[in-house]
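A.B. asks: One-letter residues, chain by chain:
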Amino acid sequence: MPETRSDKTIELRVLRYCPSKDAEPSFQSFQVHYTDDMSVLQGLQQIKAELDGSLAFRWSCRMAVCGSCGMMVNGAPMLACNTFLRELAPGPVTLEPLQNFPIERDLIVTVGDFVKKIESIYPYIMPRQPKTVEQGTYLQTPAEMQEYASFADCINCMLCYAACPQFGANPDFIGPGAMALLQRYNGDSRDGGQQARLDQIRGEDGVWSCTAVGLCSEVCPKQVDPANAVNQNKSKSALDFFLSRLRTENVT
Amino acid sequence: MEHFDADILILGAGGAGLRAAIAAAEAAPEMTIALVSKVYPMRSHTVAAEGGSAGVVRPNDSLDNHFNDTVEGGDWLCEQDVVDYFVGHCTREMIQLEHWGCPWSRLPDGHVNVRKFGGMKIERTWFAADRSGFHILHTLFQTSTKYPQIRRFDEFFCVDLIVDDGRVQGAVVLSMASGEFTAITARAVVIATGGAGRVFRQNTNGGIVTGDGMALAYRHGVPLRDMEFVQYHPTCLPGTGILITEGCRGEGALLVNKDNYRYLQDYGLGPVTPEPRNKFMELGPRDRLSQAFWHEERKGRTVTTPQGEAVLLDLRHLGRAKLQERLPLICELAQHFAGIDAATTPIPVRPAVHYTMGGILVDINTASPLPGLFAAGECSSVGIHGANRLGSNSLAELTVFGRVAGEQAAAFARQAPAAKAGDPAKAAEAKALALLQSHGGGERHAALRVEMAVSMEKGCGIYRLGDEMLETCNTLATLKQRYQALTLEDRSRAWNTDWISAIELGFQLEVAEAMAHAALARKESRGAHQRLDGFEARDDVNFLSHSLAHYQDDAAPRISTMPVKITRSPPGQRAYGALGEQLEAARKETTHA
Chain A
1 MPETRSDKTI ELRVLRYCPS KDAEPSFQSF QVHYTDDMSV LQGLQQIKAE
51 LDGSLAFRWS CRMAVCGSCG MMVNGAPMLA CNTFLRELAP GPVTLEPLQN
101 FPIERDLIVT VGDFVKKIES IYPYIMPRQP KTVEQGTYLQ TPAEMQEYAS
151 FADCINCMLC YAACPQFGAN PDFIGPGAMA LLQRYNGDSR DGGQQARLDQ
201 IRGEDGVWSC TAVGLCSEVC PKQVDPANAV NQNKSKSALD FFLSRLRTEN
251 VT
Chain B
253 MEHFDADILI LGAGGAGLRA AIAAAEAAPE MTIALVSKVY PMRSHTVAAE
303 GGSAGVVRPN DSLDNHFNDT VEGGDWLCEQ DVVDYFVGHC TREMIQLEHW
353 GCPWSRLPDG HVNVRKFGGM KIERTWFAAD RSGFHILHTL FQTSTKYPQI
403 RRFDEFFCVD LIVDDGRVQG AVVLSMASGE FTAITARAVV IATGGAGRVF
453 RQNTNGGIVT GDGMALAYRH GVPLRDMEFV QYHPTCLPGT GILITEGCRG
503 EGALLVNKDN YRYLQDYGLG PVTPEPRNKF MELGPRDRLS QAFWHEERKG
553 RTVTTPQGEA VLLDLRHLGR AKLQERLPLI CELAQHFAGI DAATTPIPVR
603 PAVHYTMGGI LVDINTASPL PGLFAAGECS SVGIHGANRL GSNSLAELTV
653 FGRVAGEQAA AFARQAPAAK AGDPAKAAEA KALALLQSHG GGERHAALRV
703 EMAVSMEKGC GIYRLGDEML ETCNTLATLK QRYQALTLED RSRAWNTDWI
753 SAIELGFQLE VAEAMAHAAL ARKESRGAHQ RLDGFEARDD VNFLSHSLAH
803 YQDDAAPRIS TMPVKITRSP PGQRAYGALG EQLEAARKET THA
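Here the protein sequences line up with chains A and B, keeping their order. Here the working numbering is used: the first residue of the first sequence is 1, the next is one more, and so on. Here the working numbering is used: the first residue of the second sequence is 253, the next is one more, and so on.
Hints in this document: simulated from the structure, not taken from any laboratory. Given the structure is predicted, the values throughout are model-derived calculations rather than measurements. Yeah, the Cβ is synthetic: ideal placement off N, Cα and C, and Gly gets one too. One thing to keep in mind: the hints can contain errors.
[To be verified] What follows is a set of in silico ranges between Cβ atoms, one per label pair, in the way DEER data are often shown:
#1 B:Asn512 x A:Ala143: 35 to 41 Å
#2 A:Asp199 x B:Glu833: 55 to 61 Å
#3 A:Asn170 x B:Arg666: 42 to 48 Å
#4 A:Asn74 x B:Thr557: 25 to 31 Å
#5 B:Arg550 x A:Pro90: 48 to 54 Å
#6 B:Glu432 x A:Asn74: 55 to 61 Å
#7 B:Glu432 x A:Thr141: 47 to 53 Å
#8 B:Glu282 x A:Pro142: 38 to 44 Å
#9 A:Ala143 x B:Thr596: 27 to 33 Å
#10 A:Pro127 x B:Pro311: 26 to 32 Å
#11 A:Ser29 x B:Pro669: 43 to 49 Å
#12 A:Asn74 x B:Gln517: 49 to 55 Å
#13 A:Asn74 x B:Thr596: 28 to 34 Å
[Unchecked claim] Computed list of lysine to any residue pairs in SDA-like fashion (alpha-carbon distance at most 25 Å, straight line):
#14 A:Lys116 x B:Asp257
#15 A:Lys116 x A:Ala149
#16 A:Lys131 x B:Thr397
#17 B:Lys398 x B:Ala663
#18 B:Lys398 x A:Lys21
#19 A:Lys21 x B:Ala773
#20 B:Lys683 x B:Arg745
#21 A:Lys21 x A:Asp52
#22 B:Lys775 x B:Lys678
#23 A:Lys131 x B:Pro360
#24 A:Lys236 x A:Gln194
#25 B:Lys840 x B:Asp333
#26 B:Lys775 x B:Gly718
#27 B:Lys398 x A:Gln129
#28 B:Lys574 x A:Lys236
#29 B:Lys678 x B:Ala773
#30 B:Lys710 x A:Gln194
#31 A:Lys8 x B:Arg453
#32 A:Lys116 x B:Tyr399
#33 B:Lys398 x A:Glu147
#34 A:Lys21 x B:Ala686
#35 A:Lys131 x B:Glu659
#36 B:Lys710 x B:Ala773
#37 B:Lys398 x A:Gln194
#38 A:Lys21 x B:Tyr399
#39 B:Lys398 x A:Gly187
#40 A:Lys116 x B:Ser427
Just chain B, with the same shape it has in the complex:
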């Protein structure tokens, strides 16, 4: 096994990992930063984010507004001190990206423009047409090449963390091209490996979004928090799940059912106005819109496509010129993947899994309970999303908490003793090699992956039932057993993607189990976790708390709870549309009284 000694190791080179690397390089120029990614950084899934990133800039907006939208959007399951820190640092991160070259869309006078987004009271979403994530990622990647102390390990796959003496001391990584292992030692480690949406069947995520970092931390005893909260994005292409950005609705797109009826008015989001107003109708939050689709489908009011049921996203009234300016990627995707000219024909869309609200438990400084281990971005649960993330808060999160993670890791590394690889590294290599050489029962991992994804969709979908969740838990337990008897078809070392996929599936099964068990244990409905078996209401008496999933060897996860930090926004009724407006007015009156 090769050995590379770094000061800081960052796993994952998407938006959060790159931002962390740059922050660490600036905070501690003398340190060597190993940046590991299983793909070249510009392939990371940040690339597929479309709509934009939040940051208060309008004179009629305020940090309080962003705070309130976020906490209410999260159905009061957010860490409010963390949300305060977050909203207070979004805008400076957006400006920083601008200085680094991010081509934010502009107003005619040259100032940065912002667009409307779901659940946001005032326009505050910075956007680069509808390729915001793409431009953020490429800007961060290209900027990161300025720093020679960032040593990239592109197309290296992490098989395990090195944990010894009660702290993390590095990781064992596999060169995908050669199949050889390297132990990277480091006094601080940042996990920034993204989400886990691929544990579901229909999803917007790239193939690489397999929850690797979550599972790595989890297996070493770090709890995964709030894993039951999985976001369905309401507007995706049926079949493939390709994302059709919320930015469409931010620009004025309408959602109609098969009768050309703006059905969202039937689900507490009205009244109807010709163009959707902020926090009304099409600009409601993602959980509510996905739930409305579920009901429409059961009422038989959806359109049938060869890829399944759908509603229609109508962009025609925006006109071709505006579509080309603001939503060029959407036009391209609709054309290529649905054969539709968005300027003349509505796009069939339906919900698909998009985002994992939960993740690796970290505090406001991105530190996990395992000394030396930090996490940022979608893989983490720093506490800003609660039970439902608002669109445009995740790209902002990457930058705000990516920077924190880089700085905190540098500070930690400065005072930590030297790291060593030792026996844990050898054990990690041996375990990965055992999988490569195992002769099991002849089963292909691809079959297990499909069964997992179908079961997750059935048990942990938009609406959930106790017995279906239980069935999913049982299926996952069986799949984990069958996983032990896998047979790989490919036993070579160079570019063995059969092997890599099998290790990924092992990660996915852990994460899926954490999701399903946390969901089963939450006997209430909140945000993206909605039950139909007697627990239809939010229950603040018993469940105003985070869930924690704890890994247990050869057993199902143990689920415990942890209190939510509420600083200044007591739990209230969560409403949008006209009722939301009334409640907000009432709240204001109380505050002023």
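If we strip away everything but chain A, and leave its shape as in the complex, we get:
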């Protein structure tokens, strides 16, 4: 909350939609006073506190780690908390909910399907060699960590899904974020669940749906590089397909 009000203002055009009132979404404009250190999120907070308390958007940490405040800023998926109004001046700035997701209200989209995708890929260690706590930690060298470290940095903000044309065309596509998480576990030296996860992404909504556009990695605010995860799994999935054929042939 700024103590002295800045003279500088910028117009925020916010997509509004209230299911009990509106037949369809429409834009509403607000003039926001801003300083050079203010984020888009702070602009929205100013609207909510002073101009219109009914405006709905998600936020929490305001330091780009909780993943709540993804939205379309001038048509591109961004985190509102680390996108600054000074960079968007003189405006107007168009704010819309993340594209490719159903709108629940104003800037809030449905997250549940994305979370189900995460849950579907067995997002936990299935130990290669089970160990008790008394036996201590597993050894894992820094080089072994590097195999999966960047994929473990995903904050589940869903910007990559908003950028992904394939997900836009087919909401059942497993998508970049869940693929990154899959690779986070499949690349972990402690894990033995690779086969189970690869089986999950073999189908038509799996890894092969990706058409290698690469926008997911461009918009990622944490340099997770989900496109790389998808590519690695395409080659693994191809190899897996080939090996499974061999296995079948050996059996018959």
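Position chain B relative to chain A; hints supplied.
C.D. replies: Relative to chain A, chain B alone:
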């Protein structure tokens, strides 16, 4: 109203709630566990913890060392039996997290690495670069999906507990997406809703950190303990309050004032060494460092930034490679939120409210005085932090006592009779709906929230004065009256965040009042509670005791006291730097004699 019948209900799905859910699922696989959170679990504020989590591993370290650091750090207001239990279980919880996949930073040989932290004698802070809380939270969330008996209620907001026949029997929750209510019945309830730092203006906390669980328990007669002890973290970005981890100083960062002088040497933390030693200078405890800033500001030795006064955190000598390896998030935050390249420019920092040491009164088994109600994590006061928490003890607390809470709730649920929703649930729904429909005096809750936060900062800041605390108490009483006449702008049901924020503000005002009244009643200085009005010294004769804030309908809280459990560390002089070292040597000699 919908109804869901669970065996165990857990409110809050951050580190403590998730750990409790997993423990309950493992202890009682036949039970249904309802896990309620007002955000998706991975958004919980555990996500923002940076530096790391304590657990003794080094051969030159010991549980006694961790115990002594914690009790001394808490200025002898810790429950010492609980601290003993805590330090004895931290390391196994860190190993458990490792088995679940937490990417702890490693030594070249593949063993887990530990870093230095403030007030800790030996390196014992396990870290995942500077995203320790993020990785702990995601590891716990993802691991929790293994257990089908954990039924999540994501984006459900708890409006009240169901208390009947002298025990807790569930809670009434509101689906934020639909605005519809569900009564969740359960034979045991765990509150794990985190802290309340947002009652202050400048703070490191996410917007969700509004003390909900504390207020819920408090309104049902459970005392809040030691609420006057609020931690200011010494190194945060001015303005936003974004946290710049103590891990920076653990890696060797220096704090200097506008004259490039390492001012901490003037506040009993010296002597200066090129790299800070454990428990000296930059590796002193948070209360002392925040207090030193306050004095520097008054001496005019701070730097002025557009967002207010600051000192400088200098990381340049660590070099870009080490910064990228150990402190990548800090580099990113400095770049985005302060426009600074930490490898070439010192970061302006200042204290901001970070952590509530106090909380829901619970015993060593995380049980509150209300039968069936348990609490763990920052919302609770199990007794390990005393008057000042040491950095890296809170993430450890989440896991150690989250597990205890899950197991204890399962054991309690096993022998408790069936729970029912009944009239209390209907009353809770009616009360929440009344707020939605009320036509008050036209005042927005946002204005009240700002006044509360400004008043708390003035009256209950780093240093406190009786008349200022009293003024804050009075302001809060007025704000509670004005709260009764709120007008909501939004009367729809789906995603009505105007409504949710108003209910949260009601919780915040209760918690703020408990803090301010407990602070006013403590006529001494101890840990994070420092007075400048004739009570500058610690007073073990009159105040070696916990405070308890008791809720009273339509009146200010009643403050009482409760004895501190001292088992093996009698209160001594709390000192760091050279004096601390001398005192410790003397204590050792006495013990050996």
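A.B. asks: For each hint, tell me whether it holds in the structure or not.
C.D. replies: These are the hints, each one checked on the structure:
no. : hint                            : verdict
1   : B:Asn512 x A:Ala143: 35 to 41 Å : holds (39 Å)
2   : A:Asp199 x B:Glu833: 55 to 61 Å : holds (59 Å)
3   : A:Asn170 x B:Arg666: 42 to 48 Å : holds (47 Å)
4   : A:Asn74 x B:Thr557: 25 to 31 Å  : holds (29 Å)
5   : B:Arg550 x A:Pro90: 48 to 54 Å  : violated (41 Å)
6   : B:Glu432 x A:Asn74: 55 to 61 Å  : violated (35 Å)
7   : B:Glu432 x A:Thr141: 47 to 53 Å : holds (51 Å)
8   : B:Glu282 x A:Pro142: 38 to 44 Å : holds (42 Å)
9   : A:Ala143 x B:Thr596: 27 to 33 Å : holds (29 Å)
10  : A:Pro127 x B:Pro311: 26 to 32 Å : holds (27 Å)
11  : A:Ser29 x B:Pro669: 43 to 49 Å  : violated (58 Å)
12  : A:Asn74 x B:Gln517: 49 to 55 Å  : holds (50 Å)
13  : A:Asn74 x B:Thr596: 28 to 34 Å  : holds (31 Å)
14  : A:Lys116 x B:Asp257             : holds (23 Å)
15  : A:Lys116 x A:Ala149             : holds (23 Å)
16  : A:Lys131 x B:Thr397             : holds (20 Å)
17  : B:Lys398 x B:Ala663             : holds (22 Å)
18  : B:Lys398 x A:Lys21              : violated (40 Å)
19  : A:Lys21 x B:Ala773              : violated (51 Å)
20  : B:Lys683 x B:Arg745             : holds (15 Å)
21  : A:Lys21 x A:Asp52               : holds (16 Å)
22  : B:Lys775 x B:Lys678             : violated (43 Å)
23  : A:Lys131 x B:Pro360             : holds (22 Å)
24  : A:Lys236 x A:Gln194             : holds (10 Å)
25  : B:Lys840 x B:Asp333             : holds (21 Å)
26  : B:Lys775 x B:Gly718             : holds (9 Å)
27  : B:Lys398 x A:Gln129             : holds (18 Å)
28  : B:Lys574 x A:Lys236             : violated (34 Å)
29  : B:Lys678 x B:Ala773             : violated (37 Å)
30  : B:Lys710 x A:Gln194             : violated (56 Å)
31  : A:Lys8 x B:Arg453               : holds (24 Å)
32  : A:Lys116 x B:Tyr399             : holds (14 Å)
33  : B:Lys398 x A:Glu147             : holds (24 Å)
34  : A:Lys21 x B:Ala686              : holds (21 Å)
35  : A:Lys131 x B:Glu659             : holds (21 Å)
36  : B:Lys710 x B:Ala773             : holds (17 Å)
37  : B:Lys398 x A:Gln194             : holds (16 Å)
38  : A:Lys21 x B:Tyr399              : violated (40 Å)
39  : B:Lys398 x A:Gly187             : holds (19 Å)
40  : A:Lys116 x B:Ser427             : holds (18 Å)
Hint check: violations occur at hints 5, 6, 11, 18, 19, 22, 28, 29, 30 and 38; the rest are consistent with the structure.
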